[in-house]
Structures are given as structure tokens and as C-alpha cells.
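Protein chains: 2
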Amino acid sequence: DDAAEGRLKADAACSLCHGHNGVSTLPNAPNLAGQQAIYVSEQLRNYRSGKRQNEVMNMIAKQLTDSEITHLAAWFGSIKVTVETP
Amino acid sequence: DDAAEGRLKADAACSLCHGHNGVSTLPNAPNLAGQQAIYVSEQLRNYRSGKRQNEVMNMIAKQLTDSEITHLAAWFGSIKVTVETP
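One line per chain: the protein sequences are G and A, in this order. If you read the first sequence in my numbering, its first letter stands for residue 123, the second for the next number, and so on. If you read the second sequence in my numbering, its first letter stands for residue 123, the second for the next number, and so on.
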């Protein structure tokens with residue numbers, strides 16, 4: 123299914139900065155675990171088109187197909203997140 | 123402290139779309155719960171300067187001071203998130 127395919131792609135293309143479970147390993151890279159799939163797709167498209175600027179992300183997103191974007195968004199959206207406010 | 127002040131500001135300025143606990147209420151608005159504070163600050167500055175484009179966020183961010191940005195980033199970063207991959 124989309125999320126499973128997205129997981130494979132994410133392990134290869136995203137996990138270095140965004141972590142294997144979508145919890146980012148870099149302070150200036152966002153956590154993606156449980157993120158809204160529609161939001162993730164839109165941002166990847168914006169990075170691919172250049173509407174949104176970030177050197178690393180523009181380079182990576184340029185290589186993504188529409189279906190890869192859909193799969194990645196489904197994967198990150200499928201990660202369950204529970205939240206506890208202080 | 124910063125997070126407590128950020129919580130007050132977030133309730134007023136952010137919760138409509140990003141939820142009271144940072145879990146977004148709109149599919150195209152990102153979850154911010156537990157997001158990296160440095161990332162959140164950078165995005166709010168980019169929205170404020172126009173480097174990053176989004177009609178709603180540019181309008182809101184234009185009204186934010188540096189310390190409000192710091193407080194908001196501290197607040198969202200302080201929300202505890204636990205993650206469970208499928």
C-alpha cells in the first residue's frame with residue numbers, strides 16, 4: 123500500500139535528517155511523524171517546483187515522482203503520534 | 123518561562139488551525155506539537171520576511187515580534203510527543 127512503499131522510499135531518501143520514525147535527527151529539520159499527508163505532499167511539490175526554497179530539499183524533491191510524493195506523505199501520515207502538553 | 127508565554131500567544135494566534143495542543147485541525151495546516159523549536163522559529167521568520175509564501179501565515183507572522191517567535195517555538199517544542207510506526 124502507499125504507506126509501505128513510502129516507508130521504503132523514506133528510509134532511503136529522508137531518514138538521514140528526518141529519522142527512521144519521522145522524528146528528526148537535526149534541529150533545523152522538521153519532525154514528520156504523523157504529519158498531515160496533504161501538507162507533506164504540498165510541501166514536497168513546492169520544494170520540487172522551487173516555490174519553497176531550501177537547498178537540500180529542492181535537490182531531493184526534484185528527483186521525486188508524483189506517486190513517490192503520495193507514498194511518502196502516506197507513510198509519514200500513517201505514523202501514530204500521541205501528544206502530551208506540559 | 124518562554125513556553126508558558128508561547129502557550130498564551132499560541133492559544134490566541136495559532137490554535138484555530140494548529141489546534142490547542144499543536145495537533146492541527148486542518149488537513150493543509152501542519153501539526154506543530156513537539157516540532158523542533160529552531161525549525162519553527164526559522165519558518166515563522168521566513169513567513170514574516172516573505173521568504174516563505176503562504177497568505178495566512180504571512181499575514182499572521184508579520185505581527186510577531188522576535189520574542190513572540192521565540193516563545194511560540196519554545197511552546198510547540200515543549201509538547202511531548204510519542205511515536206509509533208505501523
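Since the hints were made in silico from the structure, they are not lab data. Beta carbons are placed, not taken as given, at the ideal position from N, Cα and C, and that holds for glycine. A portion of the hints provided could be inaccurate.
To be verified - Examples of chain G residues lying across from chain A (beta carbon under 10 angstroms, computed):
| id | residue |
| --- | --- |
| 1 | Leu130 |
| 2 | Ala135 |
| 3 | Gly144 |
| 4 | Ala151 |
| 5 | Tyr161 |
| 6 | Asn168 |
| 7 | Pro208 |
Here's how the hints hold up against the structure:
1. At its closest, the beta carbon of G/Leu130 sits 13 angstroms from a beta carbon of chain A; the interface hint therefore is violated under the 10 angstroms criterion.
2. Contact between G/Ala135 and chain A, as hinted, is not supported at the beta carbon level, the nearest pair being about 17 angstroms apart and thus beyond 10 angstroms.
3. Interface restraint check for G/Gly144: the shortest CB-CB distance to chain A comes to about 7 angstroms, inside 10 angstroms, so the restraint holds.
4. Because the closest C-beta pair between G/Ala151 and chain A is about 7 angstroms apart, less than 10 angstroms, the hint holds.
5. The criterion of a C-beta within 10 angstroms of any C-beta in chain A is met by G/Tyr161, whose closest approach is roughly 5 angstroms, and the hint holds.
6. With 10 angstroms as the threshold, the beta carbon of G/Asn168 comes within range of chain A, its nearest partner Cβ sitting at about 9 angstroms, so the hint holds.
7. For G/Pro208, the interface hint holds, since its Cβ comes within 10 angstroms of a Cβ in chain A; the closest pair sits about 5 angstroms apart.
Violated hints for the displayed structure, listed by number in ascending order: 1, 2.
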